[in-house]
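K.L.:
When you get a sec, could you build the whole thing from the sequences and use the hints?
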Amino acid sequence: MPATETHAAIDAVWRIESAKLIGALVRIVRDISLAEELAQDALVAALQQWPSEGIPRNPGAWLMQAAKHRAIDHFRHRQRAERKHEQVAYELETEQERAPDFDTALDDDVGDDVLRLMFTACHPVLSADARVALTLRLIGGLTTEEIARAYLVPEPTIAQRIVRAKKAIARARVPFEVPRGADRAARLASVLEVIYLVFNEGYSATAGDDWMRPQLCEDAMRLGRVLAGLAPGEAEVHGLVALMELQASRIRARISRTGEPILLLDQDRSRWDHLLIQHGLAALTRAEQLDGASGPYALQGAIAACHARARTAAETDWARIARLYAELSRVMPSPVVELNRAVAIAMAGDPAAGLGIVDAIADHPTMREYPHWASARADLLARLGRSDEARAAFERAAGLTKNARDREVLLARAREQEHS
Amino acid sequence: MRFMVIVKATKDSEAGVMPSEQLLTAMTKYNEDLAKAGIMLAGEGLHPSSKGARVRFSGPKRDVIDGPFAETKELIAGYWIWQVRSREEAIEWVKRCPNPMPGDSEIEIRQIFDADDFGAEFTPELREREARLVQQMEANKKK
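As given, the protein sequences belong to chains G and X, one line each in that order.
By this note's numbering, the letter at position 82 of the first sequence is numbered 82, and the numbering carries on one by one without gaps.
By this note's numbering, the letter at position 82 of the second sequence is numbered 82, and the numbering carries on one by one without gaps.
Don't read these hints as lab results, they were simulated from the structure.
Please note that a few of the clues may not be correct.
What follows is a list of derived Cβ distance ranges for each label pair [unchecked claim]: (1) X:Ala42 / G:Pro261: 47 to 53 Å; (2) G:Val409 / X:Ser86: 37 to 43 Å; (3) X:Gln22 / G:Pro124: 44 to 50 Å; (4) G:Gly54 / X:Glu32: 26 to 32 Å; (5) X:Asp104 / G:Ala313: 34 to 40 Å; (6) X:Tyr30 / G:Val44: 25 to 31 Å.
Sample of chain G residues with no beta-carbon within 12 Å of chain X, all distances over it, derived [said to hold, decoys possible]: (7) Leu142; (8) Pro179; (9) Gly233; (10) Asp266; (11) Leu290; (12) Pro296; (13) Arg311; (14) Asp363; (15) Val409; (16) Ala412.
Glycine included, C-beta positions come from ideal geometry on N, C-alpha and C.
P.N.:
Spelled out as structure tokens, the structure:
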């Protein structure tokens, strides 16, 4: 096999094995920076040896073995070895003598290690940006360069962010464990937030962006599915997977051939990705079985599912969507959720009730300059036949939006009101 | 990116020989690993071609030919749909698959077309993107 091909194969092995490898190493050495260093050393050894010796039959076990050797060397060569370290080195050696079959050793514990690693990388002690970078790097297996390209920032920025994040975790003495009890829900929310941030970053990519950006959607879905496998009893994990897969199912249909966005109700539903829809609906069913899909992600997933299930836009069950938004408003109060609820109620046939909700959130600071609030209100006024008010409202919305194309559409709708 | 991973048919699979319990166990474990890794989107086994049919097209004509079909090596016995980051990653996963047949067998890896598959103008477009990326990075530095 030519060297470049072997390198590509090593990249692939790294992508598959790195989270398990680093997770297992953190468990042993209790230090993320050191664990990652040891894993990188093992990777370097693979890059040196595999091109000539061939790729081993069990590359994951090979890397683990290599990293453990480095770990033993590392602790031996530390001049001022403290007792604790001697102890670790001793344990490593005895473990190797006792269990040369790293295959089983890898399979036994790795799941938990990866889950611990996820919780650690997403610890709330870190900023959202730092959590995202560390998660993509440690669990997603992305290189610093890949993360930098996906986020359109220079590579040193990401490298520094990761170094600082690892230091912050060490400083805060974050234990390498899966949180239990009261802490667990908040910590899990932090993990889910990171995954959904990654997804949204990819989802907001536009035509002409670097291909690494839309790829983030796939990375996020993969992280979500991995988490669902590791924590199958958590309804919100399945809810998030459902939400991401159902949203991603529309990626192909949401932009026209000329690059303009197509609104959900105008999309060609035959272009939706039915494999992802099927997957998303299955994930939602699991969330429903666990807790009735009552968490914020599952509720949003359930709303996305209403669209996915409708064969045509006209068949959309708006009454159900309005009920789901009402529930979402209860568990995650937000004027944006209320705005969506108002639109759903109007779509379900009661624009007057919708307008009442829209006006009720009018004074909220985030709504005042929010073009979607203004355009939703204008649309409801138009539906109610209040043409003069609708025209003024559309003009106001046009004045708020920063998107040139949206402005054109809104001004055209303002003009329509004069003829009605 | 997505790949279709195709298990090629063999004499045994075409004869309807069911996999041994040992193989079934190994395959179940493998499928679990694929699901845990978050890459498996779909996967099914296929009945022998004796239960299948072909429709041959010639201009407006449609001829239906019932199975079984002779060229066993060209037939398929099952497939997966995977979402992975590269062709190499798909290859690595396939290498970990237990031999799906009692004798020699083959698995084929084919990329599925994607909405954002690059066309012929890939190179100039990519250059333009690189230029935009550099601009963006400069802009970020100034922030």
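K.L.:
Give a verdict on every hint.
P.N.:
Outcome of the hint check:
A hinted range of 47 to 53 Å for the beta carbons of Ala42 (chain X) and Pro261 (chain G) is inconsistent with their spacing of about 29 Å. Here the CB-CB span from Val409 (chain G) to Ser86 (chain X) is close to 40 Å, well matched to the stated 37 to 43 Å. Against the hinted window of 44 to 50 Å, the Cβ-Cβ separation of Gln22 (chain X) and Pro124 (chain G) comes to about 47 Å, which satisfies the hint. At roughly 28 Å, the beta carbons of Gly54 (chain G) and Glu32 (chain X) sit within the given window of 26 to 32 Å.
The hinted range of 34 to 40 Å is not satisfied by Asp104 (chain X) and Ala313 (chain G), whose Cβ atoms lie roughly 52 Å apart. Judged by the Cβ atoms, the range 25 to 31 Å given for Tyr30 (chain X) and Val44 (chain G) holds: they are separated by roughly 30 Å. Not every Cβ of chain X is farther than 12 Å from the Cβ of Leu142 (chain G); the closest lies at roughly 9 Å, contradicting the non-interface assignment. For Pro179 (chain G), the shortest C-beta to C-beta distance to chain X comes to about 21 Å, beyond the 12 Å cut-off, and the non-interface label holds.
A cut-off of 12 Å between C-beta atoms confirms that Gly233 (chain G) is not in contact with chain X; the least separation is 15 Å. Once the 12 Å rule is applied to beta carbons, Asp266 (chain G) is consistent with being away from chain X; the minimum gap is 17 Å. Residue placement check: Leu290 (chain G) keeps its beta carbon more than 12 Å from all beta carbons of chain X (closest about 18 Å). The claim that Pro296 (chain G) lies off the interface holds: its Cβ sits roughly 22 Å from the closest Cβ of chain X, which is beyond the 12 Å cut-off.
A cut-off of 12 Å between C-beta atoms confirms that Arg311 (chain G) is not in contact with chain X; the least separation is 21 Å. The beta carbon of Asp363 (chain G) is kept farther than 12 Å from every beta carbon of chain X, the shortest such distance being approximately 33 Å. With a least CB separation of 24 Å from chain X, Val409 (chain G) remains clear of the 12 Å interface cut-off, as annotated. Distance check for Ala412 (chain G) against chain X: the nearest CB is about 29 Å away, which clears 12 Å, and the non-interface claim stands.
Violated hints, in rising order: 1, 5 and 7; the structure is consistent with all others.
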